[in-house]
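J.: Those protein sequences? They're chains X and E, same order as listed. Take any residue in the first sequence, count from 1 to its spot, add 6: that is its number in the numbering used here. Take any residue in the second sequence, count from 1 to its spot, add 18: that is its number in the numbering used here.
Rather than coming from a laboratory, the hints here were simulated on the basis of the structure. Be aware that one or more of the hints could be misleading.
Below, computed lysine-lysine pairings styled on DSSO-like, alpha-carbon distance capped at 30 Å [said to hold, decoys possible]:
| hint | chain 1 | residue 1 | chain 2 | residue 2 |
| --- | --- | --- | --- | --- |
| 1 | E | K243 | X | K63 |
| 2 | E | K67 | X | K122 |
| 3 | E | K60 | X | K219 |
Keep in mind that this is a model prediction, so the values were computed, not measured.
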Amino acid sequence: MPHSLETILSCLCLNILAVVMFCAAKAESDEDGDLVERTKRGARDAFDALVEKYYKKIYNLAYRFVGDTEEANDLAQEIFAAAYQNLKKFRGDAKFSTWLFQIATNRGKNRFKYLKRRGYFVNKGLADNGDDRETQQRSVPDVSTNPETMLASKQIQKIVQDAINELDPDHKEIVILRDIEGFSYEEIAQLLNLPEGTTKSRLHRARMVLKEKLKRVLS
Amino acid sequence: MNECERISNLFWELQEQQLGSNTERIVKEHLHNCTCCREDLKWYGITVKALINLDSVAPPEDFLAQLRSRIYSSPTPSSYLQYFKNLLASSPYMPLPVGVSALALIVVLGFVVYNNAPNPVTPHTTTVQSSLDSVVRSSALASSTSGSTGHKQSDKGGADRFLARGLESTSSNPSGPLTSYAMSAPRPLGESVTGRPLPTVADIIGADNLTVESRSTKSAVESLKKMLPNIEGRLVHERSQDGIDETILAVLIPSTSYSRLTTELIKHGTVAAGAGSGALPPTRSTTDNDSVVLYIRFVNSH
């Protein structure tokens, strides 16, 4: 009897938690929805509030796509400008945040392709390295000895970002969305308009490619 | 696919703890015995951790101010002009196939426009055009001074009427027809957009009859005869007047070969519109949709 009571209580707790989370999510989407509606009616402060809420995340995503603060600044502004201009087309089928990150991903991917075509990352790599690559590799700490500490170092962070820059656009976007921005598979599938299975397998392939790159540089 | 590959394909599930218990046992057994896969899994884990541990990059302090000035200073995209502006602004990021398609479209459009436009005067014919301009001016002058006589004679023969009409049209607008059509390939006769037949160059400038003043009429005539097969033309009639060193050729050529013919003639001397009233054959010059009959009088220039 006490055992069944415990089970019932734990189920109840789970249900309450689920309801609270659902309400929180709904409140969030409602809040965004209100701001979107007000922006559509011409209230600039409403759009400012939306920007305030998402600009850090969008900037970070932009930075991961282009790997440079100046470019990231321009790209993030372009994303918000595009969102503002196209807000009238937003019908509210999905959450505003999903729609915004969809724009961000598309723009980020396009900017990345554009820069890559122009050899931006090659030139940037050469300018940043200055010295030859061997010297740099010799100075890289051995990650395998103390991964937690080493991964936090600026040098490793730069190496990881460089490795991300070398990925192809499809792999890059999925790594950024899942491993860096922390979106769920369901959200990523919705953002990229892909089946969830494809999302997972593509992420695995992207990680494998990155693994090889990092292994080559860090080991 | 060997076992190591199969196992490495399960790294994702292993990392995310989504393997079934049986599969997990098999994978762990394999990892226990395979150094290579163990090493790979370690690096897979490091990669994922490295990605998750990437620091969040903070935007510049004036980001919001910059953004506000960017968004609110630009006009709202209500007009078509703004729509195209936005479209063009996004063009640098268009993928390569779109660029190639756009280029191909531009080339095709250019080709269509070029084909439908009046034939331009090409640079290599500029000197020829200037020669013809002077010819037309002199013809116009001749027409204005002997206009009444020309009309009287035209009553006697159809070709004269044709000649007189041509000169009138030239003199009425001396800079018109030749400026736009001189020495370029004549527009083929055919139906225009409105259904009416389009005039040939010969019609416009009245040059279905030409006079060539050459130092050596004989070589000019021979040269013309030689080139006729090359322009798909043929000699219809030939008449010589030995006493005054004059030869008249009637040639049938495709309308499109008119410029080549006149270019060739200019090499041998001055070309003027009109074959001369006295020398014209009784048959009237004719044109149809594909070809034109030209009466060319060769006279000595000394």
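J.: Confirm or reject each hint.
T.: Each hint, compared with the structure:
Restraint check for E:K243 and X:K63: not satisfied, since their Cα atoms lie roughly 83 Å apart, outside the 30 Å limit. The hinted pair formed by E:K67 and X:K122 meets the criterion: a straight-line CA distance of about 26 Å does not exceed 30 Å. Among the hinted pairs, E:K60 with X:K219 is consistent with the structure: their alpha-carbon atoms are about 14 Å apart, no more than 30 Å.
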